[in-house]
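Q: Below are the chains, spelled out letter by letter.
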Amino acid sequence: MTFQLKRRALLQLAMGGAASLGAATPFASALAADDAATIGWPNDVPSWDPNQRFTPDAQPIFKAVYDQPLDQDPQLKLIPHLIKSWSQASDGLSMAIELRDDVTFHNGDKMTTEDFRYTFLERNKSGLKLDIANSMRKVQDIVIESPTKATMKFDSPAPTMPQWLAFLGSYVVSKKYIETQGLDNFLKNPVGTGPYKLAEYELNSRIVLERYDNYWGSKANIPRVTIQIIKDPSARVAAIQSGQVDCTVNVPVREVQRFEQESGFAAEINPITRVILIHARADLAFADKNVRLAAHHAIDKAALSKAFYGGAAVPLSVLATPGTPGYLTDFSFNYDPQLAKALLAKSDFSPANPVKIGFATTNGQFPNDYDIARAVVQMWKNVGIDADLQVIEYAKYFELNRGAKLPETTLYSWDNATGDPEIFSGYQLNPKMPFSPWKDEDIGNRVLALFNVADYDKRIAGYRDLERYAVENGASIPLLQSVVTIVRKKRLAYTKYANGWLLPQTLQWG
Amino acid sequence: MAATVLTLIARRLLAAIPILLIVSALLFCVLRALPVDPAAMSLPPNATIAEIEAKRREMGLDRPLPEQYVIWLRGALRGDFGHSIQFRRAAGALVAATLPATIQLAVAAMVLAGILGLGGGLLLFRVRGTVLEPVADLLSILLLSIPEFLWGLILLFVFGVALRVLPFTGEVAPDLPVPHLTGFILLDSLTIGRFDIFVSACQHLILPAAALGLAFSPTIMRILRSSLFDVYHEDYIQQARLRGLSERHVLLGHALKNASLPTLTLAGVQFGILFSGTLLVEVIYSYPGMGNLMVDAVRNADLPLIQAIGLTYCIVVLLINTAVDSLYVVLNPKLRVR
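Order-wise, the sequence lines are chains A and B. Residues in the first sequence are numbered consecutively from 1, following my numbering. Residues in the second sequence are numbered consecutively from 1, following my numbering.
No lab work stands behind these hints: they were computed from the structure. Source: prediction; values computed, not measured. All residues carry an ideal CB built from backbone N, CA and C; glycine is no exception. Misleading hints may appear alongside valid ones.
Derived coverage of chain B by chain A (criterion: at least 3 residues anywhere in the stretch with Cβ under 8 angstroms from a Cβ of chain A; other residues may be distant) [said to hold, decoys possible]: (1) 94-105; (2) 145-158; (3) 166-174; (4) 290-296.
With the sequences and hints as input, model every part of the structure.
A: Rendered as structure tokens:
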């Protein structure tokens with residue numbers, strides 16, 4: 001028997017196929033409109049172990065599935081969360097905590113101080129290379145007194161431990177679940193105590209969250225949230241424009257300005273607790289203070305903000321953002337190219353005889369990084385600084401810094417979701433930390449001393465002095481307060497956080 | 001014929017072994033020459049020099065390069081490509097999770113490129129000598145000059161944003177689950193009897209496959225046309241005409257079959273190129289394939305993952321070439337005689 005496909009039959013088949021493909025509206029959802037929301041997100045989580053990597057962009061996703069011991073309100077004030085109450089010893093060497101007794105993991109297990117100890121002590125001591133080991137490095141022991149009460153013991157004063165318990169990577173994981181199921185199974189089927197359960201995960205594609213109905217706190221408003229990983233900014237713009245997602249972040253500023261004019265959309269450029277700065281070395285050509293200060297005076301930060309962030313990024317004079325405890329309202333470091341030239345002249349440099357320095361930048365690590373670096377190079381050239389621009393991968397930064405291979409200057413973006421000055425200038429200028437290339441005894445000792453100040457007011461005052469001192473000595477060149485852009489359907493409300501978090505549990509259809 | 005084809009496949013697969021060894025060694029050396037330290041990058045930023053040194057020893061990075069390669073190769077033969085620096089998971093598992101989506105996309109794109117190439121090639125040939133020839137020529141050159149990522153953006157904005165008839169993010173609608181059987185979502189959805197998932201997956205596949213297919217079809221068109229020109233000078237075409245066969249019959253029944261052989265060879269080569277073209281298209285369409293993963297790996301200097309993906313690309317291209325060569329033998333009786 002032979003089978004001949006006639007032209008008419010072929011056409012009918014093709015039309016039938018096309019009809020069936022077209023019958024299902026491509027963007028239709030089986031769920032009621034207000035029971036679901038889709039967010040276009042630029043990055044996937046690096047791993048479902050929330051203690052493993054400090055990745056600022058993944059925090060809103062982790063905060064949906066896991067809980068932190070302490071939380072922050074939208075203005076970044078520290079508030080109780082899994083920890084109901086806490087008290088720090090006056091010497092800063094211990095901190096007593098009391099956990100809530102009504103918290104359960106998504107598998108129904110109760111969360112206790114055993115889990116707290118496991119997360120913040122045992123995992124770090126077990127040889128797992130977790131980023132959280134860095135923030136918990138002072139934790140010597142956690143003494144369990146009851147399922148809800150424990151005392152954290154530190155090997156040196158840890159006045160900022162409450163802030164660290166609300167920082168990147170500080171999420172309580174289940175001791176019993178990981179020990180019985182194994183780490184690999186935990187990574188495949190993560191269990192947290194957060195307002196959403198992980199329902200589905202497709203690497204580099206999507207994360208489907210379903211509301212956890214036994215959540216101890218306020219229940220999430222939307223039962224199902226899909227986080228669609230869309231890495232390309234143009235594709236994110238297209239996705240929100242076409243209605244394939246209900247909300248998206250980190251779209252180009254010019255697109256935000258366009259969406260502001262469109263009905264049905266709300267678009268915002270929100271300054272956040274992220275600083276764009278130029279890291280400096282204390283040696284090579286930057287051993288000369290005149291050169292360092294000239295490099296700072298030569299930069300027109302307002303022009304950078306206008307050119308690359310629609311003027312929404314606030315020019316900064318210190319390594320802290322407005323509204324945070326370390327910010328100085330009464331200090332500014334002026335853009336003054338003439339002064340920059342005069343400073344360089346003192347060291348026998350001029351536009352005709354420029355000082356040569358290296359300048360490293362990432363390209364694509366944060367919005368417009370490479371373009372900002374190029375603009376700075378031009379500004380420096382005008383006053384007599386000849387910068388050799390080198391592009392580095394962000395992943396290489398720490399390795400280069402460790403080997404003292406970074407050039408005199410590096411463009412960098414530093415995120416501090418807590419807003420605490422220790423995590424701004426304390427980390428950026430600490431010579432013992434891997435973040436800063438500034439290795440100088442004078443400023444280094446000032447920073448290290450502040451790490452041991454237990455009194456809050458004294459500590460903050462100390463950081464304020466340090467920030468001014470560092471800028472006046474050319475040890476830090478803060479540029480701009482970074483911004484996050486959000487475009488959403490007008491009917492979809494969210495809670496705005498000063499650190500830029502867009503938390504799925506705060507989404508609400510109006 | 002079956003024996004000839006099997007012999008050819010066996011010979012090809014044997015020849016692939018040294019090629020794979022050379023490619024893997026080259027890949028290994030090039031990646032090791034990059035100024036990045038996989039040991040330091042595998043550890044948190046606060047790792048001490050001693051910890052990095054210990055990690056370096058654990059990873060075998062303190063040994064001579066040839067020895068490092070042998071260690072890596074031994075692992076690769078067992079399916080162990082090391083751990084991804086970025087994801088801190090087995091690189092092989094990450095590749096295995098994303099490869100089916102890329103194969104599915106590449107096959108769909110190649111089918112589309114084949115259909116468009118065949119249709120376009122015949123059309124170009126049919127309009128030869130007419131006033132339409134320069135127009136068709138210009139059109140094919142225009143198509144040839146648009147790369148796949150540009151097609152990706154054009155199609156996305158036309159069909160996704162302006163007309164809103166096709167989705168362009170991910171591989172299935174947000175409210176539908178992704179079945180996990182083989183990783184090939186079209187196959188898996190049919191296996192579990194979920195036609196709704198199948199339809200949604202097809203919709204999500206159309207634009208990325210079209211972007212790739214459109215970029216590769218003009219080459220097929222032009223090769224087919226020039227092959228047709230060549231075979232039309234052969235005696236058997238004249239004889240067919242003398243036998244009174246219609247021009248259409250001569251073209252489709254006689255000329256096309258012979259002209260398709262060089263086109264098929266080219267399509268095989270194109271498939272390899274098309275496979276690597278998935279990189280940018282997958283990023284634009286958020287398609288969860290190996291190309292998307294490769295972009296992440298490169299951005300994060302994730303050497304073990306780059307190496308695993310690079311080698312997988314090489315294996316896939318070699319397999320495709322073997323398949324095309326076998327098909328060539330099936331279609332070309334002269335090769336079977338030899």
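Q: Go through the numbered hints given earlier and state which of them the structure violates, listing their numbers in rising order.
A: none
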